[in-house]
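Protein chains in written order, with our numbering: chain A, 7 to 299; chain B, 26 to 252.
No lab work stands behind these hints, which were simulated from the structure alone. Treat the hints loosely; a few may be bogus.
[Claimed, not checked] In the SDA-like style, the derived pairs of lysine to any residue whose C-alpha atoms are separated by at most 25 angstroms in a straight line are:
1. B:K192 - A:R290
2. B:K192 - A:P181
3. B:K192 - B:A121
4. B:K192 - A:P212
5. A:K231 - B:D137
6. B:K192 - A:Y142
7. A:K231 - A:A283
8. A:K120 - A:M148
9. A:K231 - A:R290
10. A:K120 - A:A288
11. A:K231 - B:S97
12. B:K192 - A:R211
13. B:K86 - B:A111
14. B:K192 - A:S205
15. B:K192 - B:D137
16. A:K231 - A:N272
17. A:K120 - A:D136
18. A:K231 - B:P95
[To be verified] Okay, the calculated beta carbon distance ranges per label pair:
19. A:G105 - B:G197: 45 to 53 angstroms
20. B:Q112 - A:V292: 42 to 50 angstroms
21. A:P181 - B:G197: 21 to 29 angstroms
22. A:D136 - B:I103: 45 to 53 angstroms
Every residue, glycine too, gets a C-beta built ideally from N, C-alpha and C.
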Amino acid sequence: MRNTFGVVALALGIFVYVPLGSAQAPGQQEQQSNPQQPLAPPASTPPVQAPPSTPPLPGPAQQTPPTATPTPAPVPAGPIIVLNPAHGGTDSGARGQNGAAEKDLVLRMARGVKAELERQGFRVIMTRNDDSNPSYDDRAAMANAYRDVIFISLHIASTGTVGSVRSYYEQMSLPYAPPADSAATPGKPALPAASGLNSWNEAQRPYMNASHRLADLIQIELAQKFNGSADTSLGAAIRGLRSVAGPAVAIELSSVSGPNPDTLANAAAAPLADAIAEAVNAFRAVTPGGARQ
Amino acid sequence: MTRNWKIFLAALLACVVIGLVSLKGLHRRMARLAKADVTEEEARHEVLAPPVSTPTDVSAKASIFWAGGPDSLAPVQIELPLSADAQERSRQLLQALIADPPTPDQRTLPADTEVLGFYILPDGTAIADFSDALSNETPSGILSERMAVNSIARTLESNVPGLRRLKILVHGQEVDTLAGNVDLTGFFDLNQAVPQPMSPALSVAPTSLPSATAPKAPTANTPPAKH
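Here chain A stands alone, though its shape is the one from the complex (with noise of 0.2 angstroms):
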């Protein structure tokens, strides 16, 4: 008797506790039925008065109704920085005696970079992310994408000093004029006429002097973040850089042939950064606003 007056009270107490605990979470348990149907505020909190402009939306978002509007992100100023790991996918680029690549290392060593870049305030873009190998013109059309850019491309050695850090910027010819007394061209102008266009495959010609000012800047912080570094940074024919619109140098660490790439790449990460942030921020104060030549 007693056991079944037991049943009888925990039934009634199961039965009671189901609808109570129901009813404190309404909106909940329509949310769940019926996620399309929007939600009644809860009777105990005032209603937040939507802008008239603004129809109620239905689903979760409404239920914790917005008090005061998100603050944007600061977005800094200054130049779009685009680094580029070079290599990617089949291209393993320099490989180290461990079989250690190049292109692995610059993936690691860019998205350190990137962080510590990012950290510093500037905003940062990588041609690529992963194992991809984007051709030489696609990761020079996402930096000509950008109005305000600077292009820095990653790389590293298989030879020189290990430890050491070389920044080179895309040294072209003169436009050729042939001899007047070449027999090839008689009668033909030295050159052609100025159309006031620039080819794509010399997109970086009218920021040369601007890619060697930039690559200056960094060669003397890297001189002085890195040991065996030389003062001077160097031109070279690179063929990544000869297309980008823009400021473009291209960073070598050397080298994979070190006794540990893989920590040499990662410890390189951040004093790379900083020396970039502290010649990008130089550049711009000597190169406000533009920098064609």
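We have chain A already, so just place chain B on it with the hints.
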């Protein structure tokens, strides 16, 4: 000590002596084989690219640009039989550049590289055609590729007057890059005073060589400007 023991010890002693004698010979042979690695490479190069000789060859001093450090070139004066014909002379110089670096560390081009052809157009454009080894065996990297191209350009520039620009082909074809970085789709300036963009960041010239021995290349470490 029994007689058998004496015989055994004598035989053992004889074995040790024979071993010592043969060890010395073995050591000599290993040294010869180690040296043969280099000579094999040279021998292969000699077979594939025999020295160019022409009736007009005269022994003359030439400045060949090999590596002078980890990231620089330095001219080395060597005596070479050189043709009066600019085309043949250029081939001879490039073969010397490939085959005769003073030390392995000074090598800028792979030892297996062959000069397949060299042509000079009337306007002073030089076209150098190398075998696949140039692009396959040059270590990938801006530093090493730049040194390879510069050593070719500077050597030609210093010893063959009249050349104005250089085109590098690999096995008769234009290639995108030498080994992934340095652009070979254009031309490299030769014997042209390429104005270096002045950098306000530095008052010194961006590149310079300790060029006490550089005969006619004041910007010996400056890469040939590329079109």
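So which hints don't hold here, by number, going up? Hint check: 1, 5, 19 fail, others pass.
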